[in-house]
Every structure is written in C-alpha cells, then in structure tokens.
Amino acid sequence: MSHPTVTADPERVPTGRRVRQLTSQIEAAREGRGLGHVVSEVWYVIVTVGLCATFVLGIASAIGGSVPDAGGPARLVDSELPAALVVLAAAGGLLSLAGRLGPVGVGGGGASWWLPMPVDRRGLLRPTVLRWPLSAALAGTVIAPLVVVGFGSPITAQRLLGWAAVGGATFGALAAAALLLQSWHPTRSASRPTPSTRPEASTSRTVAVVGEVTMLVSTVGVAALALTTGSPTSPLATLTWGLGSAWWLAGPLAVAAVVGTWYAERRSDQLTGTQLRSHGSVGTRALSAVLSLDLRELSRALTTSSLRPRRARSLALSPGGPRRAILTADVVLLARTPRQIAQLAVALLLGVALVRVPVLDGSLALYGTLLLTGFWAVNAAAAGARHAEMAPVLDRLMPLSARDARLVRGSVPLITAATWGLVVMGSLAVEGLGGGGSISSEESLWWFALVPAWAAVLAAAALRSAYRPPPNWGKVPISTPMGGMPPTGGLLRGLDLALVCTLPTALALFLGTFTPSLVVVQWGFSALGVAGLVAFSGRREDARV
Amino acid sequence: MSTQAPPLIRATGLRVGYSGEAVCAPVDLTLRPGQVLALIGPNGSGKSTVLRAVLGLLEPLAGTLKVLNRDVDERSADFRGRVAGVLDDDAWFPGLTTREHLLLTAAGHGVVGTSSTVDRIMTTFGLTSQSQVVPSALSSGQRRRLLLAAAFVRPRDLLVLDEPEQRLDSAMRTSLAGLLRAEAEAGRGVLLATHDPYLLTALGADAVLVDEVRCRRLRTQAAVAAMNAEAR
Chain V
121 MSHPTVTADP
131 ERVPTGRRVR
141 QLTSQIEAAR
151 EGRGLGHVVS
161 EVWYVIVTVG
171 LCATFVLGIA
181 SAIGGSVPDA
191 GGPARLVDSE
201 LPAALVVLAA
211 AGGLLSLAGR
221 LGPVGVGGGG
231 ASWWLPMPVD
241 RRGLLRPTVL
251 RWPLSAALAG
261 TVIAPLVVVG
271 FGSPITAQRL
281 LGWAAVGGAT
291 FGALAAAALL
301 LQSWHPTRSA
311 SRPTPSTRPE
321 ASTSRTVAVV
331 GEVTMLVSTV
341 GVAALALTTG
351 SPTSPLATLT
361 WGLGSAWWLA
371 GPLAVAAVVG
381 TWYAERRSDQ
391 LTGTQLRSHG
401 SVGTRALSAV
411 LSLDLRELSR
421 ALTTSSLRPR
431 RARSLALSPG
441 GPRRAILTAD
451 VVLLARTPRQ
461 IAQLAVALLL
471 GVALVRVPVL
481 DGSLALYGTL
491 LLTGFWAVNA
501 AAAGARHAEM
511 APVLDRLMPL
521 SARDARLVRG
531 SVPLITAATW
541 GLVVMGSLAV
551 EGLGGGGSIS
561 SEESLWWFAL
571 VPAWAAVLAA
581 AALRSAYRPP
591 PNWGKVPIST
601 PMGGMPPTGG
611 LLRGLDLALV
621 CTLPTALALF
631 LGTFTPSLVV
641 VQWGFSALGV
651 AGLVAFSGRR
661 EDARV
Chain D
15 MSTQAPPLIR
25 ATGLRVGYSG
35 EAVCAPVDLT
45 LRPGQVLALI
55 GPNGSGKSTV
65 LRAVLGLLEP
75 LAGTLKVLNR
85 DVDERSADFR
95 GRVAGVLDDD
105 AWFPGLTTRE
115 HLLLTAAGHG
125 VVGTSSTVDR
135 IMTTFGLTSQ
145 SQVVPSALSS
155 GQRRRLLLAA
165 AFVRPRDLLV
175 LDEPEQRLDS
185 AMRTSLAGLL
195 RAEAEAGRGV
205 LLATHDPYLL
215 TALGADAVLV
225 DEVRCRRLRT
235 QAAVAAMNAE
245 AR
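The listed protein sequences derive, respectively, from chains V and D. Residues in the first sequence are numbered from 121 upward in steps of one, following our numbering. Residues in the second sequence are numbered from 15 upward in steps of one, following our numbering.
Calculated from the structure, these hints are not laboratory results. Just so you know, these numbers come straight off a predicted model, no measurement behind them. Wrong hints could be hidden among the right ones.
Computed Cβ-Cβ distance ranges for the label pairs, DEER-style [to be verified]:
#1 D:Gln146 to V:Gly652: 51 to 59 Å
#2 D:Asp104 to V:Arg150: 20 to 28 Å
#3 D:Arg246 to V:Ser438: 37 to 45 Å
#4 V:Pro589 to D:Gly155: 26 to 34 Å
#5 V:Pro589 to D:Asp104: 19 to 27 Å
#6 V:Arg132 to D:Thr78: 30 to 38 Å
#7 V:Arg246 to D:Val126: 21 to 29 Å
#8 V:Leu142 to D:Gly155: 23 to 31 Å
Each residue gets a CB set at the ideal place from its N, CA and C atoms; glycine is no exception.
Generate the whole structure from the sequences, applying the supplied hints.
Right, here's the structure in full:
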C-alpha cells in the first residue's frame with residue numbers, strides 16, 4: 121500500500137458557514153431540494169401556521185364561552201397574577217431545558233466531521249446559537265396569551281398582544297442569558313492561560329437548577345393562590361394585579377434578548393469541542409426520543425445529563441433481603457435526582473391549582489387534569505423501573521423472579537400515587553366539605569374513597585409505561601425532517617391502562633353526580649387493572665409488563 | 015532529526031480522569047516528529063483517556079501537557095488543523111455517501127486537488143467500491159477504515175489513534191503498519207493506543223505501559239512481552 125500524500129493550502133480552508141452550506145448542498149442534491157421543494161415547504165408552512173392559528177382561536181373561543189359567570193363561585197383571584205406565575209413556570213421549564221441541552225451543542229455527524237476542521241466555529245455554530253432565542257421567543261409569544269386565556273381573564277386584542285409581547289421577549293431574553301452563561305469561562309490565571317473548560321459544565325447545571333427552582337416557586341405561588349382565595353379573610357382574595365400598563369416591559373426585554381444573543385454569538389468560538397459534543401449528544405438523544413414519541417427515552421436523556429457523576433460518600437445500607445435492596449435503590453435514585461423531585465412537587469401543586477381553574481371546574485376537563493397530573497407525578501417516581509428496563513443489572517443480581525422484581529419496582533410509584541391522591545383529590549374533597557366549589561359535601565366523602573383506587577391504577581400505569589418496549593431500530597425508520605427515526609409502539613403504553621381503569625370516574629364527572637355504586641365500580645376497574653398487570657408481569661412475549 | 019526537533023507532545027506528571035478522579039498513575043511521555051509511540055495496558059487502564067487529553071477533549075486533572083509546544087486548546091483552528099485524531103466515535107451525516115464524507119473533510123482542511131486526493135485515499139483503504147454507499151450501510155470493518163481514511167485525507171503533524179487495529183482484517187493491519195511507518199518517515203508523529211503485539215512489532219515503536227500504579231516507558235520487545243503476559 122503506497123503512502124498517500126496530501127497537499128493543503130491554509131488559504132483554501134473554507135469558512136464555517138461554507139462548510140455548513142456545502143454539507144447542506146450535498147444532502148439537498150441527494151434529496152432533490154429544487155425550486156419545487158422550496159415551494160412545497162413554503163406551502164407546508166402556510167398551511168401549518170393557518171391550522172395552528174385556527175386551532176388556537178378555536179380553543180380561546182371555547183374557553184371564553186365556558187368561563188363561569190361573574191356570579192359563580194370564584195376560584196382564583198380576579199387578576200392576572202396566577203397566569204403570570206404559570207408563564208414564569210413555563211419560562212423556568214425553558215431554562216431547565218436550555219441548561220440540560222447546553223443550550224448549544226453539536227451532535228451526530230457534525231460532532232465527528234465538522235468540529236475537527238480548522239474552520240471558524242462562529243460560522244459553524246451560528247444557526248445553532250440563533251435557534252434558541254428565536255424558538256424561545258416564538259414559544260413565549262404563543263404560550264403567554266394562551267395561559268391568560270386559560271385562566272378565564274376577559275379577552276381583548278390589546279391584552280392578548282401585550283401578553284404575547286411580554287412572553288416572547290421574556291423567553292427570548294432568558295434563552296440569550298443561558299447562551300451567554302454557556303460561554304462564560306471565569307477561570308483564567310497566570311498559571312493557566314488557557315481557560316478551564318470545567319466551569320462550562322457547572323454553569324449549564326446552574327442554569328438548569330435555576331430553571332427548576334423557578335418552576336417550583338411559581339407553581340407553589342399558583343397553588344397558594346388557589347388554596348387561599350376561598351377564604352374571605354385572605355389578602356389575596358382582594359388582590360387585583362394585571363399586566364395592564366406593564367406591557368412596555370417587552371421593549372427592554374426584547375432589547376436584552378437581541379443584545380444578549382448578539383454577544384453570545386460573538387463568543388461562540390469560545391465553546392469547547394468537549395461541551396459541544398456532550399450537549400450535542402444529549403440533544404440528539406432527546407430529539408430522537410421526541411420524534412419517535414418515546415417520552416421515556418426523553419426522560420432518560422434529560423435526567424442522565426443532570427445526575428452527578430460522583431458522590432461525596434456512599435450510604436451504609438443494612439441488609440434486608442432482595443426486595444428491600446431494590447426498594448432502597450429506587451428510593452435513593454429518587455432522592456438523588458432533583459429533576460424528578462421537582463417534577464413530583466410541580467405535579468402535586470399543579471394538580472391542586474388546576475382543579476380550581478374555572479374552565480376545569482367539574483366535568484371531563486377535571487378528569488383529564490387529574491389523570492394527566494397524576495400520571496406525570498407517579499412517573500417521576502418510576503425512574504428506577506425505567507432504568508431497570510434498560511439495564512436490569514441489580515434485578516438480575518437478586519434471587520427474585522422477573523415478575524417479583526417488577527412488582528417491587530412498583531412500590532415507590534404506589535406510595536407516590538397515594539400521596540398525590542391524598543393531596544390533590546383530598547383537597548377537592550375538603551373544599552367540598554367546606555361548601556366551596558362544585559362538589560357537594562356528600563360527594564366529597566366519595567372522593568376520599570376514590571384515592572386508593574386511583575393510587576393503585578396510577579402505580580400500575582407507571583409500571584406498565586416503564587417496561588414498555590424500546591424503539592425498534594431494526595425496523596424501517598420513519599422519515600422525518602430531522603432524518604430517519606425508529607418506529608415505536610409504546611407511546612401510550614401505561615396511559616392506556618390509566619385511562620381505561622378510571623373510566624367510572626370519568627363517567628361520574630360527565631354525569632355530574634357521584635353515587636356509591638359508581639365508586640364500587642371504580643374499585644372493581646382498579647382491581648381488574650392491577651390483577652391484569654400482576655398476571656402478565658414479567659411474561660415472555662417479550663417479558664414486558 | 016527526531017531527537018533534535020522540539021517534541022510534538024510532552025507530558026510530565028500528567029493525571030487524567032473523570033469527575034476529579036484519576037484513572038491511571040501520572041503519565042510522562044515525549045513524542046518528537048518522526049516518532050511512533052504506543053500506549054499499552056489492559057482495558058480500562060486509561061489509554062483512551064490519555065489520548066482524549068492529548069486531543070483536547072478532556073482537561074487534565076494535574077501535571078503538564080504540551081502539544082505542539084503549547085497548552086492544549088482544541089478551540090484553536092491551528093491546533094485542529096495540525097492534530098488528527100481517530101477515536102471510536104461512529105457518527106455520520108445520514109445524507110452523505112462515504113466519498114462525500116471524505117470530500118467534505120478534505121475541503122474543510124483546504125486540501126488541494128480534493129477529488130483526486132480522496133480517490134487515492136479510498137483506494138489505499140480499499141473503499142473505492144463503497145464510494146457511493148452511505149456509511150450506515152457499510153460493515154463494521156469498512157466503517158473503521160472510513161474513519162482512518164478521514165485522518166489520512168487531511169494535513170497533519172500529529173496523528174492520534176485509539177486502537178486502530180480494531181475491526182480490521184490481518185491484511186489491512188499489515189497495510190496500516192506500513193502507513194504508520196511512512197507517517198514517521200515523513201516527519202510526523204504518531205501516538206496510538208493498541209492491544210496488538212503484531213502491530214507494535216511491525217512499527218518497532220516504544221510504548222508507555224499505562225497502569226494504575228505506575229506508568230513506564232518500554233522498548234518494543236519489552237512492550238510486546240508485557241502485552242503477551244497480559245493476554246495470558
């Protein structure tokens with residue numbers, strides 16, 4: 121084999137932008153991206169935007185029509201404060217996501233083939249950097265007015281535009297701040313002229329934690345409002361707070377977003393390949409999970425990146441048998457995963473607050489709220505089962521059958537579900553006993569009776585969801601704008617069980633009355649669901665629950 | 015020439031690892047232009063971690079590491095242009111063929127005569143018949159050859175390879191040894207981690223035995239003996 125010689129001219133090294141364009145052109149040539157493709161893409165965007173606008177206006181109209189009259193029971197303060205808190209919680213969610221994904225990262229082919237090139241990184245990363253504030257601003261522009269409409273505030277064009285402007289500018293500014301922090305390298309000294317890369321990781325973690333704390337505090341605020349407004353002595357009951365003249369905040373926030381993004385883009389050549397690859401890998405995993413509708417993998421991708429790789433000390437665990445070992449592992453995992461604890465707390469508080477939102481009062485909307493917040497809360501506690509499905513290392517070390525191991529993995533979700541039921545459904549019942557809300561005092565007692573039935577169903581559903589089959593990479597991938605993604609048959613696995621086994625409650629809410637017989641039927645459905653799960657758990661048609 | 019020129023890599027008391035925890039004993043090594051140096055040791059001993067530090071993909075925990083006579087900073091375009099690395103990363107652009115990946119790499123490094131250079135490299139690595147195939151459709155060995163080809167299709171002063179013999183057949187391993195010897199003869203430096211005594215013998219290279227207790231430099235015969243002892 122002869123040694124191939126390579127001649128290079130440094131003057132011929134292209135810009136990062138040119139490398140992106142070249143890659144895109146080659147891909148376009150294969151995919152046939154001509155004028156027809158552009159026209160069809162533009163048409164697709166027009167149709168999508170039109171459909172979304174119609175959808176949003178339809179929801180707004182429906183919500184507006186379903187808001188109780190002024191004489192009805194007041195559930196939340198007559199102000200925009202709760203809506204502002206929910207928007208703030210959403211902004212916290214954005215920060216958390218930005219911290220976990222970088223925000224800037226380069227995954228897949230870009231990490232292996234672009235990053236080693238001696239091209240300017242600014243040009244290479246520009247679209248990735250700009251994507252965050254632009255997407256965030258767009259999300260804020262849509263989310264903020266939707267939330268204020270959802271809280272039943274009187275809808276005027278001025279109010280909606282004000283909220284859209286403040287929401288978009290706030291989200292954009294926060295994304296720009298996360299970008300700036302990512303390229304911050306505080307450690308420079310005479311002994312180390314090259315800035316350390318370690319602070320990058322810690323600032324990303326800090327951004328994520330700040331986002332989660334914001335979510336938690338905002339949700340606590342919403343829940344506090346929801347719980348206290350029923351009391352006539354509460355100072356919140358008479359509080360009126362509106363965005364009103366504060367819409368002008370959008371101006372400085374938008375300027376901050378633009379300036380922050382501009383400065384972050386200029387500093388993007390300071391981002392290290394290590395962090396770009398690391399964040400890109402998480403981003404690729406998360407994107408793949410989203411496009412293949414695999415929420416379990418999404419949770420794994422976002423959680424794994426936040427787990428601390430090292431602990432100051434190991435717990436001294438006392439022996440107590442295989443079941444206790446697995447249970448302890450699940451509890452320790454939950455305790456050491458701040459994101460799951462935050463999710464649990466937010467789900468609990470959201471449950472308490474949302475059931476007091478006027479448009480969700482009674483009816484099937486209340487059922488949907490209970491089902492989704494309950495399932496979300498219990499899923500936070502099923503992280504151990506999800507990890508065990510992926511890597512059943514601990515389970516295989518234990519002298520337990522697959523079924524027993526899986527059922528033990530259901531313990532923490534069951535305890536969590538019972539806690540959620542007592543807090544959320546219990547608060548509804550207590551409110552009914554006090555004469556508030558749409559539930560009578562007699563029906564309140566039946567709500568208490570439903571707590572164990574719902575707890576068992578939600579725990580079983582979380583377990584079924586955790587042990588669903590992974591995306592099948594062996595099958596023909598589904599074509600998406602982001603590339604080929606594996607098909608998955610398990611998106612609704614778990615939620616389907618919860619949905620079917622709580623149908624009696626849905627029926628009761630639909631009919632608007634609770635009877636002892638319906639509660640008994642609900643108990644029966646729950647028992648059947650759990651029995652089915654136990655019977656099929658660990659069976660080998662593919663050893664899935 | 016090789017003993018007089020300033021070293022391409024100089025590591026003194028270099029500690030590498032993750033989360034503040036070193037994975038091996040402090041490493042001392044020097045590699046000058048025209049030299050080949052191997053890192054040997056059992057799986058998990060820290061060879062790949064040392065390579066990642068040399069490539070600027072991992073910050074050292076302690077000690078001194080100079081590559082191209084300066085601190086390692088892969089954000090420098092000059093560093094990326096002069097140091098080529100092949101680790102075990104297996105990622106591709108799904109819409110690009112094997113040849114197009116190499117064309118992109120060559121173009122990105124300012125190679126003159128991009129097309130003809132890529133064709134020669136593809137011939138060298140036995141990939142000509144796969145030029146229109148997307149990498150995901152290649153066999154494991156062919157994908158490995160593509161990664162190696164990407165390092166040879168671009169200019170470099172230092173080549174860093176992590177177990178390049180993996181997934182290659184014996185004929186290709188022999189060819190690879192010839193290519194690496196030619197690299198040294200052309201005045202470049204080669205640092206590689208390997209488990210292959212045959213490759214080490216064919217290269218006639220010194221090796222650094224990476225170990226948890228003590229890292230030490232060995233001559234070729236002693237290094238091969240250490241590898242054979244480890245295999246037993």
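These are the hints, each one checked on the structure:
1. A hinted range of 51 to 59 Å for the beta carbons of Gln146 (chain D) and Gly652 (chain V) is consistent with their spacing of about 52 Å.
2. For the pair Asp104 (chain D) and Arg150 (chain V), the supplied restraint of 20 to 28 Å holds, since their beta-carbon distance comes to about 21 Å.
3. Taking the beta carbon of each, Arg246 (chain D) and Ser438 (chain V) are about 42 Å apart, inside 37 to 45 Å as hinted.
4. Restraint check, Pro589 (chain V) to Gly155 (chain D): a C-beta distance of roughly 31 Å satisfies the suggested window 26 to 34 Å.
5. A hinted range of 19 to 27 Å holds for the C-beta pair Pro589 (chain V) and Asp104 (chain D), which are about 24 Å apart.
6. For the pair Arg132 (chain V) and Thr78 (chain D), the beta carbons lie near 35 Å from each other, so the given range of 30 to 38 Å is met.
7. Between Arg246 (chain V) and Val126 (chain D), the C-beta spacing of about 28 Å keeps the proposed range 21 to 29 Å intact.
8. Restraint check, Leu142 (chain V) to Gly155 (chain D): a C-beta distance of roughly 28 Å satisfies the suggested window 23 to 31 Å.
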